[in-house]
Amino acid sequence: MEDERGGAPVTVLVNGQRREVRTEPDTALLYVLRNHLGLKGTRFGCGLGLCGACLVLVDGQPAYSCDMPLWAVRDKEITTVEGLGMAGQPHPVTKALIAGQAAQCGYCLSGVIIAAAALLKRNPDPSDEEVRGALDGNLCRCGSHNRIVRAVLAAAAELRAGPQDRAHL
Amino acid sequence: MSAAKGIVLPPSLAANPRLGDWLRVRPGGVKDGSAEGGVVEGGVVEGGVVEGGIVEVWPGKVELGQGVLTALAQVAAEELDVGLGRVRMMPAVTGLSPDEGYTAGSMSVQYSGAALRLVCAEARGLYLAAAAARLGVTEDKLTVADGEFGAPDGRATSYWELADDRLLDRLATGGYPPKPVSAYRLVGTSAPRLDLPDKLTGRPRYAHDLSPDGLCYGRVVRPPARGATLTGLDTTAALALPGVLTVIRDGSFLGVVAEREEVALRAADRLRAGAVWDRHPTLPDAADLPGFLVGAPAETTVLAETTVLAETTVLAETMVSAETTGSAETGEPPALGQVGASYEATYHRPYLAHASMGPSTATALATADNSDHASDSGSASDSGSAQNGPRLRVWSHTQGVYQLRAELARALALDPGDITVTHVAGAGCYGHNGADDAALDAALLALAVPGRPVQVVWSRADELGWAPFGAAAVVRLAADTDPAGEVLSWRHEIWGNGHSTRPGSNPAGPAALLAASHRAGGADIEPAAEPPMARGGGAGRNAVPPYAFPAHQVVNHRLLEMPLRVSALRSLGAFVNVFAAESFLDELAAAAGRDPVEYRLSHLADPRARAVVEAAARRSGWDDWPARRAEDAGHGIGFARYKNSAAYCAVVAEVTAVTEVRVRRLTIAVDAGLIINPDGAANQVEGGAIQAVSWTLKEQVRFDRYGVTSDTWETYPILTFSEVPAVDVELLPGDGNPALGIGETAQGPTAAAIGNAVYDALGVRVRTLPLTEENVVAAMEA
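Read top to bottom, the protein sequences are chains A and B.
Position one of the first sequence corresponds to residue 39 (my numbering), numbered consecutively onward.
Position one of the second sequence corresponds to residue 40 (my numbering), numbered consecutively onward.
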């Protein structure tokens, strides 16, 4: 079963597509996404599930992909930042972040977008404090926090105003 | 001398005077949707077509995540009279880009901006002349809009129609005056960041995302302690993993290369388990870090002093040891007036980590014309035997591609001409983190697998534990005041390491890259020197008081040993110097029964300094404070002009404190002269201030006698979303003043404002950073 590169075939369901990769069952989902599938939007930050840079949705729930073994997500639906928006249309949170220039280096923001999208799905009208609470698992070193919070609140307002946009979630 | 008579070119233009090195006009539609970078192998370049053409701008500065390339694009577009969408900001590449030194010290807009302004004004002038010749009219009859030169009769040509590299193949003269500020239409507007759409939609834009064909993955196994040496190694288990290409051992440098990243990680774990190290304690007692800093061998230098009256109380003493004293010890030097009281206090900051969100990374590719150099798959190889002139390409988020190239050449005994370093964005670095070290790691591993690009990504533990730290320090302030409380003389004394061990900072010493110190025959990176105060200093940065004190003296005790490697962290010594000096000034104000804002203003002569202090006080509602003060709350102010030469900044902090300190609000006023991009500037100031809140309240590198123990986000916590204060930034009008660096201006004033607010809330002066419950309680009990 193994070639010189090692690994065995495993099927994953990512952004609505079934994909086959060759790796070991205990490989962290992050490396499968980034290297095997070329989805570079999910980022390595700490490898311990402590910074949020690697967040993805697993069956709609935010999960750290850096310490999530592949066997744990078998038959589960994985959504990365690339899969969040509609085709050619970024997710409203992403749009609001760009509109609000809510970034400096941007490295943490894929994870922020995932966490915020999950928050807005379960709570369409969060308070400032609730947004911060939902993002406490996402570290940002550049100090873009307040702009990010304002952008998430703006995205929430846009989503509430336009119910058709619920399809984004 | 290329410069026109009477013109002094900005330093980086004088060093790189050829216009064509900075600017290239490219006709035709160009496929590149992202208006920055784009020529990164393995990266993604896609998007629309720009009708007509573009201009490539090749700055020597690099994007560190704070938007500087967008600001520089605005400067270029402004002077050229082209739309911002036509400007492509190219990554710094050795051999192609101008060498502008490091992107550091809040100097990019000040210096690179000044260079680009002259280059683009001159290029516009040269193309204007070409357009006039082509259209048969005089230059003054032509209009220039979005790169098109229009004649009165409706005929037109453009940069792209006229594009000719020979036009810019000449040295800058500086003889083409840039636009007056009053004519700006793009500079001074909040143009959106050019790089954000890609970075926020998951497109590969970071160094971590490079995926050239044939990429393999490297990991380095660091020693378990500082100074530990590798005495035994069993590679069997690591090499048994399918997909492992090779193990590299060179002295105490140990690494592995594998086909897949997950395999490299597993192999590194197995190597770690198979390694035997000789370790011994090398670090000082963390519980008495201030004692170590004051007691270690040091070189003492007077960094600055006024020429008048060295015989005043404070300045006459080499070391003031008494606690705050209520009366003068000696008589009154006539020119200074009568000394009413003398004061002294000592402050301390710990080591701080850069703590980038993205651990350091680099990708390297070695090509050798001698196939003997190829290593056998599965056997340990000697990465040091780089004979037969391999060529090396390195992709790095370094702050200085030329400086890194030179240091790599030194470390690897290669000709710099055989190495190409290309900048690719990393996560925010805030100074000298592990970026350059990772480049040597990748190079060493790549030399073991010629023909295969190797990507190294540091672990979080390595990033927090092995990247250079911001230097710990002790600062002792002393002052004499007159009977009204006015400062007569001021002494600022610093103990600690110098602040820059960047590549190139010590050409006579061993290569300043981590792996070089671990390889066979490697030597420890030497302690940092102190750059001249005229260039902003390092440990002495902002130690010269900005106030009109009649006499001052600044003394630095530069440590001659460096138990933990330190290097440049945002604002260098300014963070602790401003924290200490502005805390001490508040102590003097309190002793004199004076309001901190009024007290500062009474000592400030520079009108721009006064204006930011007044603006921050006014905007924060300083005078209304007694009416709205909540229980357990305090407010405080801090002021500095970064490097005593860059932007002016005053910060008012409002905190609540019982034993745990929470910062609730920061009000910041900044005078940076001409601001290229107001939203970007405000973003950067706010970001710097929030980072400074994190340093001030929470951060401290922890270590035992063997090594750093704060190597996860749990042991090195930083500020979280819920802990971030509201921040309000006011940018004062430029008033025709030139652009001043802004990126680090808030660091020191924010720390001081918080410390002063904690005193206001608790009546306790906490002089040891960070202002954790532990240190607050210790100050209460002192």
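Simulated from the structure, these hints should not be mistaken for lab results.
Predicted model, so just to flag it, every value in this text is computed and none were measured.
Check the hints yourself; a few may be wrong.
[Claimed, not checked] Quick list of simulated restraints, FRET-style, between CB atoms:
#1 Asp97(A) x Gly490(B): 41 to 49 Å
#2 Leu51(A) x Pro546(B): 54 to 62 Å
#3 Pro251(B) x Asp166(A): 37 to 45 Å
[Unchecked claim] Okay, the calculated bits of chain B under chain A, using three or more residues with CB under 8 Å as the criterion:
#4 237-243
#5 279-289
#6 494-506
#7 533-543
#8 716-725
#9 759-767
Each residue gets a CB set at the ideal place from its N, CA and C atoms; glycine is no exception.
Consistency of the hints with the structure:
{"no.": "1", "hint": "Asp97(A) x Gly490(B): 41 to 49 Å", "result": "holds, 43 Å"}
{"no.": "2", "hint": "Leu51(A) x Pro546(B): 54 to 62 Å", "result": "holds, 55 Å"}
{"no.": "3", "hint": "Pro251(B) x Asp166(A): 37 to 45 Å", "result": "holds, 44 Å"}
{"no.": "4", "hint": "237-243", "result": "holds (count 6)"}
{"no.": "5", "hint": "279-289", "result": "holds (count 3)"}
{"no.": "6", "hint": "494-506", "result": "holds (count 3)"}
{"no.": "7", "hint": "533-543", "result": "violated (count 0)"}
{"no.": "8", "hint": "716-725", "result": "holds (count 5)"}
{"no.": "9", "hint": "759-767", "result": "holds (count 6)"}
When held up to the earlier numbered hints, the structure conflicts with hint 7 and nothing else.
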